[in-house]
Structures are given as C-alpha cells and as structure tokens.
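As they're listed, the protein sequences go chains A and B.
For the first sequence, the tail end lands on 562 under this note's numbering, and the numbers increase by one without skipping.
For the second sequence, the tail end lands on 562 under this note's numbering, and the numbers increase by one without skipping.
FYI, nobody ran anything at the bench for these hints, they're computed from the structure.
No residue lacks a Cβ here, since even glycine has one placed at the ideal position from N, Cα and C.
Where hints are given, some of them may not hold.
[Said to hold, decoys possible] Covered stretches of chain A (chain B as the covering partner; in silico rule of three or more C-beta atoms under 8 Å from a C-beta of chain B):
#, segment
1, 80 to 93
2, 103 to 111
3, 134 to 147
4, 206 to 212
5, 302 to 316
6, 350 to 363
7, 371 to 377
[Unchecked claim] Chain A stretches covered by chain B per the calculated footprint, using a threshold of three residues with CB under 8 Å from any CB of chain B:
#, segment
8, 115 to 126
9, 285 to 299
Number of protein chains: 2
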Amino acid sequence: MQAHLPLLPPAERLGEPDYPVPEASPHTPAVARLFTFGSADERRLDEAVDRIAARLHARDGIGSDVPYADLARRQGASVVPAHPLPTEDYLRALDQQVLEHAVDTASPSFMGHMTTALPYFARSLARLVTALNQNPVKIETSKALTILEREALAMLHHALYARSPAHQRAHAQDPRSTLGVITSGGTTANLTALWVARNAAYAPSPGFGGVEREGLAAALVHHGERRAVVVASSLAHYSLAKAVDLLGLGEQGLSLVPADARGRADPQAMRRTIDEHRRRGERVLAVVGIAGTTESGSVDPLDALADLAAHAGAHFHVDAAWGGPLVFSPRHRPLLEGLRRADSITIDGHKQLYLPMGIGAVIFRDPRRAAAIEKHARYIIRAGSPDLGRRSVEGSRAAMAIHLHAALHLLGTTGYAELIDAGIARARVLAHAVRARPAFELLVEPTTNIVNYRYVPPSLRPRAAAGTLTAADGRVLDAVNERLQAQQWARGRSFVSRTTLSYLPHIRSAVVLRAVLANPLTTTAHIDAMLDEQEALAASILRDLPLPSLYPTATP
Amino acid sequence: MQAHLPLLPPAERLGEPDYPVPEASPHTPAVARLFTFGSADERRLDEAVDRIAARLHARDGIGSDVPYADLARRQGASVVPAHPLPTEDYLRALDQQVLEHAVDTASPSFMGHMTTALPYFARSLARLVTALNQNPVKIETSKALTILEREALAMLHHALYARSPAHQRAHAQDPRSTLGVITSGGTTANLTALWVARNAAYAPSPGFGGVEREGLAAALVHHGERRAVVVASSLAHYSLAKAVDLLGLGEQGLSLVPADARGRADPQAMRRTIDEHRRRGERVLAVVGIAGTTESGSVDPLDALADLAAHAGAHFHVDAAWGGPLVFSPRHRPLLEGLRRADSITIDGHKQLYLPMGIGAVIFRDPRRAAAIEKHARYIIRAGSPDLGRRSVEGSRAAMAIHLHAALHLLGTTGYAELIDAGIARARVLAHAVRARPAFELLVEPTTNIVNYRYVPPSLRPRAAAGTLTAADGRVLDAVNERLQAQQWARGRSFVSRTTLSYLPHIRSAVVLRAVLANPLTTTAHIDAMLDEQEALAASILRDLPLPSLYPTATP
C-alpha cells in the first residue's frame, strides 16, 4: 500500500519557466480608473443614467415611432474598437440611438405582455446585486447569499405547498434538500422540471444505469417502451416544445390535447390520450397543468389533472409561471385548487411577482426529487456541499434571489393579493368596455387578467352578430386585426399584443388582440384611450385598404 | 370556399359575465408608493445601498469569518409575511444578516474563482438595465435593444472569426441570420451549441422527420447507429456532462480522453477514441476543444482538433468561456490558433470580459447554423420575425447585452489586451513565488492565468524533492491542502480555490490549490500575503493535527 509513486522533483518535472522572471506591472491610468470603486466618474455616470431613465419614464406612450427597420439600418460597424470610447460619448450615443427607441414596458399604456412597472426597490437592488457580484452556484463565491437564496426558495415553497413549520425548518438549509431551484426564467424552470421527471422515471435499476448515465435510447430499450411523452393542453407554453426537443423526446413527445371553450385542459380528453399512449407502449413521463395560460390567462382544472397524473404514474408538473402568485389572493386562490398535488411548480419572477427580468424558479414538493439531476465538479459543487449549482440547468449566475427575497418581504401576501385582485378587476374593466363597444368582440370571458378580443369592421358587424360570418370574413378579420396590432405598436402610444386562438368553439382559428392587465399604474382612462386609439386606427386602415382588397382572391 | 362558419353572436356565445360591472379601484397608498418612479423613497434606498456597498468594499479581506453553518442556523421562518416590512427595517436586517457575510469577490485577495472586480460602469448600467426592464426575446418588448443585442453579438463574432465588413453588414441585423445567442452564462451557451450540433446531425431527411421532431431514439434507429457521443478532453467543464444528460445522450455520451501533461487535449489519443466510436457504429456528434480549462487554464491545440472534427464529420465546438478574450491580446492570441475553424464558440461574460454575472454567449461561424433549434409561438417570436427568442434555450430574459455592448466599447481591444496580459503576468508572478518558497510545489507551468500548486509539509519535502513520495504521502498532502484551503476561505482574509488534478504524469490524482489571477486590483503584495497566510495556516494545521494522524490506518 505504501508503494512509491515516482513523483519527480518540481525543478526536474517542470524545467525552468519559458519566460523571464515576471514583474507585476501597474495598469495604465485609463484601465486603473475603470476599476476604481465609487469614483467621481462612477457618480457622474450614475447621475447621467438616472437622468436618462427619468426622461424616458416621463414620456407618454410606450416608445418612439421610428420604425424598427430604420433603426436596424442605422446600426454600427460590428467591430470592437481598438481604443476605448470616452464614457460620456458612449452614453450619449447609446441614449440617442438605442435607449430613446427602447420600449417603455412600465408604461400604463403597455398592456401587451407580461412585463410591467416595477416596485422602486428593484432598481436600487439591481445596483446592489451587481456591486456584490456574487455567484450562488457555490458557497465559496456567495456564502450568506446561498443561505438567502435557499430561504427565498423555502418561502415560495411555503406559499405554494403550505407545509408545516417543522418541514420548512428541516429542509430550508439542509444541503441534501432542494425545495426549489432559481433559474433565469420560466423556460429553464419548465426544462428543469421535465429533466427531473425524465431522469426520475428512468432511474438506475438492476441491469440499467439510468437515463442520466446511459441515455434515452437505452432507457426506452431497457423498459421496452416505444417512446416517452409529456401530456399537456394545446395552450401549453412554447417552452415545453423546447424542453421536449432538448431532452431528446422530440416535439412529437409533446402530446397536446385540445383545450375546452374557455382555454382549460379537458381532463376527459386528456385521459383518453394518456390511455392511448399507454396502449401503444409509450410512457407518459409527465402531465403538465397550466395555471395561467400565456394566451388567455385560463387556469387548468389542476385537481383533475393531478388525478390523471396519478392514474398514469406520471410526474405532475404545473406551469404556474403566470398564475402562481394567485396563491396570495384569498379571493382568487380557489382557481388553483389541486396545485399542492404538483410534483413541481414553475414560477416566473418578472411576471406576477413583479421582479425584474432574469429570475424564475421551479419548486419541488419532495425535497429529494431534484437528486435525479445532480452533477458535481472537482473544483466546486462537490458532493454533499451546500453548493446550489449541484442541481440546476444553469451554472454560474447572479444573486437574483435578492430581488425575490426582498419583494416577498416588501410586498407581503397582502401586497401581492392587492396586485392580483386589481389586475383581474382591470381585465374585467377592459372586458366590460369591449362588450360595450360595437366595434369589438370579446372572445373569451377572462379568468384572470388576460383579455382576448378583436376588432370587427362595420360592414361585418351584422354577420358577426347573426353568426353568419364566412371563412373569407374570418380571413378579413384576421388581416385587419393583424394590421391594427402592428400599427398600434409602431406608433408608440399604447400597446396590446396579438395571438391566434384555435380553441374557440366554432372558429377554427382566429387572430385576436391580447391584453395583459398587470401594471398597477394602468387606470380605466388608459384602457379607454387604448381602445379609442384602436378604433381610430382601424378606421384609417379600412380607409386605406377597403375591405374587398383584403378578401383573398380565388386563385392565390 | 365561402362556407358559413356558425359563429354565434357574442352575447349568446359568452353569456353575461359572472361578476358585477367592475370598477378600477385605486391602489392602497402603500402599494401605490412602491410603484412610484424616482420618489424620495427610491433616492433614500439608493443612498443606503451605496453606503452598504462602499462599506463592504472598503473592508480588507474577502468577507466575514462567521462560519457558514452558524449563518445557516440563524435563518428565518421561511414564510412570506402577511404585511410588508418597512423598507429600512428590511434593508438593515439584510445588511446585518446577509450582506455583511457575502463574499467580496472583487477583493484583490480573492484569487480563487473566475469572479473579479468589475469596471465601475457595470454598477451604473445594472440600474439602467432594470430601469428599462426590456425583454429582448421579442421586439415588441425591446425594439432598439434587439438591435443592440444583435450588434453586440456581431462584434463578438468579428473578434472571434474576423470575417469581412461585408459579412458583418449582411448578417448583423438580418433576422434569418444568427451570429450568436446571448445566454445566462457559459453553461447554457455550451448546451445551446451541443443542441444545435445534435439537431443538425440528425436533421430531417427522406423518411425521417429529424431529431427535433421525432426524438433521439428514432434518430439513432433511422441512421442505424448505436449511440451518439461528444468527444472532449478529460478537463472538459462539467456543463458538458449536464448538456449530454439533458440532450438524452447520457453521461456515457460524453467521451473524455485523457489530457496531456500540461492539461491539453491529446489529438492522437482523441483520434483513436473517435475511430473506435465510429468502428462501434457510434456517431461522433461534436468534438469539443477547450480554450482555457477551468482547472488549469490550459488551451487545447485547436487547429489539430479542428482537423479531427473534420475527419469525424462532426461539429467542432470550442468552449472558450475562460480563454476566448485572449483574441484581444496580440501577445497571447497565438494560443488560440485554429479557433476560427470552430462551428461554435462559447464565451462567458463574467469571466474575462469583466461583465457582471448573468451573461454568456455562443457564437456561430455559419449564421444559418442555429436554424436547427428554431421554435415559434403564436403570440410572439413568429416565423420570419426579428425576435431573438426564436433560437435559444432560454425564453424571456433581461437586456444584459447592454453590459456586453458597453464593455466592448469602453474597454476596446487594447483595454482587454492589457487585462489579459496583466492576468497572465500575475500568474507568472505567483508561479515564480511558489517556486521560490520551499513550502510549495508548482504542479503545472501556467499557460494562462490559472496556477495549480500545493503546500508540502516540512517532513515530506525531502521525499517530494527526491521523487519518492508514497501513496500514503499523497493522501497526507491531499488532506493538508484540503484543510488549508477550507480554513483560508473561512477566515475571510484571502482565497484561492482547490481542485483535484488527475492528468499529471506520475500522480494518479492530487488535491491542488488553484489560483485564478484575473483581478486587475491584485498586486504582488497581495499574492505574497496570500502565500504567507497559507504557510502560517499550514503550520497551525500541522500543530493541531500532527502528520501521523493524517495517515490513513491500514484498515479503514
């Protein structure tokens, strides 16, 4: 055992260095100045940045009306300059060429996507996160921030699963437990959840090293299965398509079942699909429920889907990226009945947690579930360590958990409840206004705070009211609403997005306007002004393009 | 074609709403205050945050000496409070309980990981990124920031591939082209590259819908292959193990070939491995070269690996997360000979681009290569749009590209060259000091700015010098260096990391200290003080734990 290892002495092993004895030369003044903390330069830049942000924020509307294509044409040489630009010159160019033409996602008239005004502390904390520049992937580069991140995840776990104080105490800081994983957003959260589901389904067993080790093809062969699938409603977020592609299941491995007339998963149809998959020798890895569909804000019947997942022996994942924070609202929480039965839940920070872009989370009911994806490295995240990088898609990352931890404390459940309730009330204000205006048609009664509607040209209103719209009429409606939405965005006054709904009864597919009412600064006046603008824009579109020209000709 | 669609009139279709006519109620003063832009509250918090950051920065050393376990025990109730905490109270608690015990990754004495002091503009811009809160996944939530992101990627593309100005003009802003993808870090950049490689290798062909659609098992069956593998040296970053697991290849699908005595890939051995895989009916999807290994900073012979990839008909990916910015240094650029032959290159922002945590990129030589992973959604990132979310692992994300765009302009190639050259010079200062001190053994001559060495107790120095260390001696060396490194971190004065090297000739495996010399604030005095502390710590460890106690007994 005490065998000699022929370890050569250093001098002989390495030889002499192939470079002269080095000297640590001081940096040039320019570079040294850049790396000085809290200098006058830094204060000056801070003030300039604040002036720019204040000016952009004070503007009405959602941004400039310079067309995107014009901006793209103006762009630079795409070459890193040899010599540094003076900071003032750079900032001035950045402001005039770029920031002036950013989108004011915080504007009360920006009602189109899940980006909204932020609480003021988010801006201060962003500076703090960068000033600290921690890397919570390992405790050596984060220490107390690792603990804070685990605490923030435990708080989310409690909000979603409501386990006992003893459960929280036992798992919040235990390195063997994973109550959740911070991700860069909802997409990687969904990916993490399905990765865990796949690896847990194909865990090591006698004669098989597990999918993690041997790969998916070997897993299917070992289990005698033809394929593995994830089942969700047709309103599933496109991140699930990414996830099944990434995980080697192929997009055919995402089995989408038509939603019902209000955009909710249909458990009977899903059960038939699940049974059909199993009859064909295909494994159902996961059933995914959606708490807040991206297109309509609808919420799946989670309790029934939990039953289905149990029936299929599958992982039950809930994509609550949008709707998860409804747990904070006593009024609307009942929509989430069954959520606690989920094996994993995706939450997205920049949506209804009112955090800045760049943070999401996946929360696991079972604190040991994420062991299925554990990885180690020799220099960090060693086995048994509290290093957070052991169980995550991502590696090094910022301490964005500070934003989450702070917002949970500075808003509290009552603050979030107020925001959720107000957003849903605003959606109803918009739905009511849409019903009240003959120019518009409400397509789905909003469940939460997303509203789907469309503009109907005067000449089509009688047929729309009588239910006698033709397929050609449908194409005209699509074309008008597409133009309307694109032009409204380009003008920079107010904004809703658009999507194509295909789950509506009696409409195969329709382009619809999609309003997201999450910004606490949005008032009834903003909503009315946005609809007024749409009516005016539509009138002008129809003036320039009389309806007949929008009817497709018989031969294309 | 003009068939009637039985579209029912809205009132009948939706019925009356199941809620009373809503009112948009104003927010409570507490919530309204939180969402006010640029208030006195915000200014006060900004100032408090700046005071904290300045105080933490002014401390000597790398952080507090309170043990991690003590901090973990002090943590909270893991429950979201019902009522918001006053901001001042929250910040005070955060400061005392968390921030005071963060790690000062910007300290000149923090020489252990790839996190360093940042240029001052990073802190100002972090506030700007959050104040704008753009989402570059789609132009509707970013507009000019989409263009900026594409420009920043084009600048990196030019730095790495040096294509003509006409090439840059043609592709920088063309939505069909993808010069690169911004990711949250190097891990997702590597994942993106291998995802592209896998999907391009198993593209749709007659009788096969492609791996993207049909999945990996079907792809292998269609091509009559037993398995698909990625070949790299044994010093590959652990993100490659994550990637092959995620992609369904299994960790056995990562074929690691022993590196040479200086930590570089061995092309002859790799060629034998590749040929063996192909002989066994296994597809080599990608050959991965490493430009800057995480453990030793060594650089693979990229030109030879490019030949190998061509020989294997495989995608050639270079993980240049650490070493990519060497392209900016005329002195050290020759190490990257062959880099331009890579199909894809990973760059990590927080490493030698001196950006804050949270941004990486993968750059593609062929601007059409990323089409292999394109995804769409009905409500955004529609086919043909300039939306950046079409070709990426991640979905919604922050406009971190501002940091990249700014740093490339504010440092320039000369600024980066100075930083790279100074880092490598510092590594040589440390290597020289290690050679000069009998207490230490230099294990690898540093190629770039990472130094591997270890402490050798006095009683073992003669055997170490004579090359007669036993296996038991090796275990003692491992134990002493492990303790030394852990204690140095815990004391909070200075810091290097540690790893286990297994590619050294004549040493099966050795725990070594790993210093990363990237911080421009680090001087020779900091390096000497760090080594002095290690010698003192080692002496105290040996006092408390005399060597015999570290020798493993015959029976464990």
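Against the structure, the hints come out as follows:
no., hint, verdict
1, 80 to 93, "holds (count 12)"
2, 103 to 111, "holds (count 8)"
3, 134 to 147, "holds (count 12)"
4, 206 to 212, "violated (count 0)"
5, 302 to 316, "violated (count 0)"
6, 350 to 363, "holds (count 4)"
7, 371 to 377, "violated (count 0)"
8, 115 to 126, "holds (count 8)"
9, 285 to 299, "violated (count 0)"
When held up to the earlier numbered hints, the structure conflicts with 4, 5, 7, 9 and fits the remainder.
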